[in-house]
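Trainee: These protein sequences, in sequence, are chains C and U.
Each residue of the first sequence is one higher than the one before, starting from 1 at the first, in full-length UniProt numbering.
Each residue of the second sequence is one higher than the one before, starting from 1 at the first, in full-length UniProt numbering.
Derived from the structure by calculation, the hints contain no laboratory data.
It is possible that part of the hints are untrue.
For chains that are exact copies, the list does not tell them apart, and a pair is met inside one copy or across any two.
Computed cross-link-like contacts, BS3-like style, restricted to lysine-lysine with a CA-CA straight-line distance of at most 30 Å [as the list claims (entries may be wrong)]:
1) K279 - K46
2) K306 - K105
3) K282 - K80
4) K413 - K39
5) K282 - K267
6) K414 - K39
7) K409 - K105
There are 2 protein chains.
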Amino acid sequence: MSTDEDDLQRHGFSEWSSVNADRLPVAIAYPNNTEDVSKIAQVCHKYRMPMVPYSGGSSLEANFSAPHGGLTIDFASMNKILELHESDMDVVVQPSIQWMDLNEKIKDSGLFFPVDPGPSAMIGGMVGTNCSGTNAVRYGTMKDWVINLTVVLADGRIIKTRRRPRKTSAGYNLTGLFVGSEGTLGIVTEATLKLAPIPEQTRVGVVTFPTVRDAASTAMQLIRQGILVQCVEILDEVQMDVINRAGGTGRTWKTLPTLFFKFSGTKAGVADSINLTTKLSKRNNASSFEFARDEREAHDLWSARKQSLWSMLSLREKGSEVWSTDVSVPISRLPDIIEISKKELDNLGLFASILGHIGDGNFHASILYDRSDPKELERVEKVVYDMVDRALEMEGSCTGEHGVGLGKKGSLKKELGPDTIDVMRSIKQSLDPHWLLNPGKIFDYERRA
Amino acid sequence: MSTDEDDLQRHGFSEWSSVNADRLPVAIAYPNNTEDVSKIAQVCHKYRMPMVPYSGGSSLEANFSAPHGGLTIDFASMNKILELHESDMDVVVQPSIQWMDLNEKIKDSGLFFPVDPGPSAMIGGMVGTNCSGTNAVRYGTMKDWVINLTVVLADGRIIKTRRRPRKTSAGYNLTGLFVGSEGTLGIVTEATLKLAPIPEQTRVGVVTFPTVRDAASTAMQLIRQGILVQCVEILDEVQMDVINRAGGTGRTWKTLPTLFFKFSGTKAGVADSINLTTKLSKRNNASSFEFARDEREAHDLWSARKQSLWSMLSLREKGSEVWSTDVSVPISRLPDIIEISKKELDNLGLFASILGHIGDGNFHASILYDRSDPKELERVEKVVYDMVDRALEMEGSCTGEHGVGLGKKGSLKKELGPDTIDVMRSIKQSLDPHWLLNPGKIFDYERRA
Chain C
1 MSTDEDDLQR HGFSEWSSVN ADRLPVAIAY PNNTEDVSKI AQVCHKYRMP
51 MVPYSGGSSL EANFSAPHGG LTIDFASMNK ILELHESDMD VVVQPSIQWM
101 DLNEKIKDSG LFFPVDPGPS AMIGGMVGTN CSGTNAVRYG TMKDWVINLT
151 VVLADGRIIK TRRRPRKTSA GYNLTGLFVG SEGTLGIVTE ATLKLAPIPE
201 QTRVGVVTFP TVRDAASTAM QLIRQGILVQ CVEILDEVQM DVINRAGGTG
251 RTWKTLPTLF FKFSGTKAGV ADSINLTTKL SKRNNASSFE FARDEREAHD
301 LWSARKQSLW SMLSLREKGS EVWSTDVSVP ISRLPDIIEI SKKELDNLGL
351 FASILGHIGD GNFHASILYD RSDPKELERV EKVVYDMVDR ALEMEGSCTG
401 EHGVGLGKKG SLKKELGPDT IDVMRSIKQS LDPHWLLNPG KIFDYERRA
Chain U
1 MSTDEDDLQR HGFSEWSSVN ADRLPVAIAY PNNTEDVSKI AQVCHKYRMP
51 MVPYSGGSSL EANFSAPHGG LTIDFASMNK ILELHESDMD VVVQPSIQWM
101 DLNEKIKDSG LFFPVDPGPS AMIGGMVGTN CSGTNAVRYG TMKDWVINLT
151 VVLADGRIIK TRRRPRKTSA GYNLTGLFVG SEGTLGIVTE ATLKLAPIPE
201 QTRVGVVTFP TVRDAASTAM QLIRQGILVQ CVEILDEVQM DVINRAGGTG
251 RTWKTLPTLF FKFSGTKAGV ADSINLTTKL SKRNNASSFE FARDEREAHD
301 LWSARKQSLW SMLSLREKGS EVWSTDVSVP ISRLPDIIEI SKKELDNLGL
351 FASILGHIGD GNFHASILYD RSDPKELERV EKVVYDMVDR ALEMEGSCTG
401 EHGVGLGKKG SLKKELGPDT IDVMRSIKQS LDPHWLLNPG KIFDYERRA
C-alpha cells in the first residue's frame, strides 16, 4: 500500500488524457495475486470504498482516474506469463504484462498476440477498453482474442468466465461482457488469450496520394474487394511531418496524405496482395508506392506509426497539451467524415493531425492546444464534439477503441439513448449494487425506480 | 394468434432435438413487426406469461421448447431484408430469414454472410445460440458478425444495442451479451449483420486417412501453421457411408476417416494453400487427395456435409431417434477426445458417427437409438455425458455451437461452477425480474438471497 503524494498523482492524473478528474485516489494497493485482490475487494466492499484498477496507464479518456477518490489497485506486481499452451495456441497472463513484452517472451513458440494498441498498454487495460490497434483489420479487436477471464467481483468473490475452449455456446458470454466494461463490473486478475501463428513473411508498403479522400477511398475499395492485408493505416500530411521531425526512420517521407500497409502471410500470398494493392492504388491517383527495403526499415517505419502520439507529445511547446480522440463510422462514410473533420481541424490554426485504422472505419484526431486559454479550449472542444456528433449522425460510434471513461459519457448518452444505457445500468447495479467498481466511468450513478 | 393443436405440437416438440419438454406452449403469436412484439411482451408481462421466441426450429437442445407453457412467438411473418448497405458491407434483417436465403438474395452485391449452421437455421435462432458452422475456422462465430440488435425487453421496451459501426468501444458489449443468451434476456426483432466479400475462387478438397487420429492431427498442424483455409471438417468412416447411402454427390466416396477442406481467396492464395495442405497431409499418412472436379461437384459435396444430420435422420428405422450433440476442447486435445469418443460410440453397437468443425476444437457425435428402450437410452446417455465430462476435464466446453437449452443445464453447472452461474443469474434477474423470457433454459430459476 502506498499513500505517497507522487504515487497518488501518477495514478490519478495523466498528461496525455483528453480530460482528468479533479481529485486523486487516497491510496494505491499493489496486490501480488488474485487472492490479494479478493481480500482488498472484501475490505473495500465492507467500507464502501471505490476501487479503480490500474495497469499501463496509457488510456486517453481518464479511464483510470479516481473522480470519487477511493483505492487504486495497481497490478505492477502481477505482470507474469502464468502458462503458455503452444499447441493450443493460447497463453494465460496477469494484467500488467505489456503486449509487446508478451510477444517478445513467446516469440520462440512461433506464435504472437495480435492486438497492438499503444506500445505501453498492458493486458488489463486492454481488456478494460476493448482496445485494438493497427492489426484489427485482419485480426479483430480485444474481445475476439480473450478466451476467459478470472475476475474479482465487487464483494471479493472470484469467478472464471470460461474454461479454455476457443469456441463455445455455453451460457452467457461473460467474457465478452467484461471486455470493454472498463473495470466497472469486476476486476480482471488473469486472462487467457488466443495466439496466432507468426506469418511466414511480413512486408510494409507506403503509398502517397494527392488528397486524404483518395487515400481513404483506396482503403475502402481494398476492404470491399477482400484483398488480404494485415494493416492499412491512414496518416495525413501533418502526421507524416511529425514522423519526419521525430526522426528514427532513417528517411524523410513525403508530407502527403499516406497509406501505410502491412502485408503478411505466406510468400505467395504476400506477393499476390501487394500486386492487387498496387493496381488499386494507381487507379486512385497514388503518386508513389514504395516498400521498406528490409526488415529493419519496416520495423522502424511501423514503430514510427505506433509512436505517433508520443512523437506529437515530444513536439509540444511549453504549456501545450494534446487532445487525442477517436470515432468510428460505417466504412463507406470514412472518406466523408475524414474530409470534413480535416477541414475543421485545419481551420483551428493549431497543430492538428488525422491518422487512423481506416480498414475498420475508425480514425483518430490529435490536436496540440493550450488548455489554460479558455477560448482555445472552447474551440478545440467544439471541433472534437462536432466530430463525434458527425460520427453519430453517420450511424457510427463516439469511440472505436479508446473507451468512454470520463471523457465521453455525454456522447455515449447521445449514441445509445436512455433505454439502452438503462440496460447497461441494470447490469452494473446487479453486479455492483454499491457502485464501488471504477465509479463515474461510462455512465453516472442513478438510483433506479 | 393460433391455438391449433398441430401448431402447438410443431412449436413445442422437435424430432431432431436431443431432449424435449413434457408440455407445449398454450398459444402461438405471429407478429409482423417490432411494435407487435413489444405489445405482446407488454401483455405477457402484465399477466406474467412466459414468452418463447421461435424462428427456424432447427436447434438441437430444445432451446425453443416451452417447459413452462406460455406463449411462443413465431417470427414467420418477419423474414425480410430491411436494408442492404453494400458499401458498408452490412445488412439489416428480421429474425426469420434463413441464412441461405439471405445469401441467395444478396449475391449480386458480391457479398455474403459467412456463418453457416444447418441449412434450415434462421437468423433469430442463430443469434440465440451463438451458432457457427463450417466457415467458423476462417470467419468466426455468430457473435463476430452481429453489429447491432433491436431487442424487445421483458416489459415490452424496445432497445437497439448499437448504431452501425463495425468497431466500437462505447459502453458494455450488449450485442455480444444478447448473442448466445437463447432469448432469455430479450427478444431479438432485428439484426444488423456484417457481410464479407465473396472470395474470387473456392475449391473443395477431400483427403482420406487410415485413422481418425491421423486426420485430426493433420487439421491441428494446419491451424498451428497458419495455413489459410475457409473450412476443415472431419468425418469418420460412418459419416462417409451416410453420405454415400444418401446419394446426391454423384460419386461413391471411400468409407475412411476423411477431411473435407474448403479453400478460398484469390487464385494465387488458393493455389498456395492447396499446395501446403497437400504436403502436410502426405506427412500425416494421407491415403488419397482429390478435388471436386467442378463447381457443381464442390457444391454437391459441401451440401452433403451440411445435410449430414438430415441424411442420418432419413436412414432411421421406425421407432429410432437421433441424438446429436457437440462439445469443444482446446485444439491440441481434439485427436485424444475424438479417438476415445469414437471407441465408446463404436462399443454401443449402434449407428453412431463423429463429424465436426475440427479447425476450432469443436465436434459433433450423432447416434441413432431407440428411445423407448430404457436400457438403450441409458447406455446412450452415458456415452454422451461421459463425452461432455471428458471435454470439461480437458478444459473444454459442454457445447461449441448448439447452446445449452434444456439438454445441457447440468453440464453447464459442472463447466462453470456456482459463482459464475450466479453472475449470469444476476444479469438475468436484472433484465427479466419475473423470469418470463424463455424460462427454464440455460439455468433454472433460483430465488436470490
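Trainee: Evaluate each hint against the coordinates.
Mentor: Hints, one by one, checked against the model:
| no. | hint | in the structure |
| --- | --- | --- |
| 1 | K279 - K46 | neither (64 Å within a copy, 62 Å between copies) |
| 2 | K306 - K105 | within (20 Å within a copy, 42 Å between copies) |
| 3 | K282 - K80 | neither (47 Å within a copy, 40 Å between copies) |
| 4 | K413 - K39 | between (35 Å within a copy, 26 Å between copies) |
| 5 | K282 - K267 | both (23 Å within a copy, 22 Å between copies) |
| 6 | K414 - K39 | between (38 Å within a copy, 26 Å between copies) |
| 7 | K409 - K105 | neither (37 Å within a copy, 40 Å between copies) |
When the structure is compared with the earlier hints, violations turn up for hints 1, 3, 7 and for no others.
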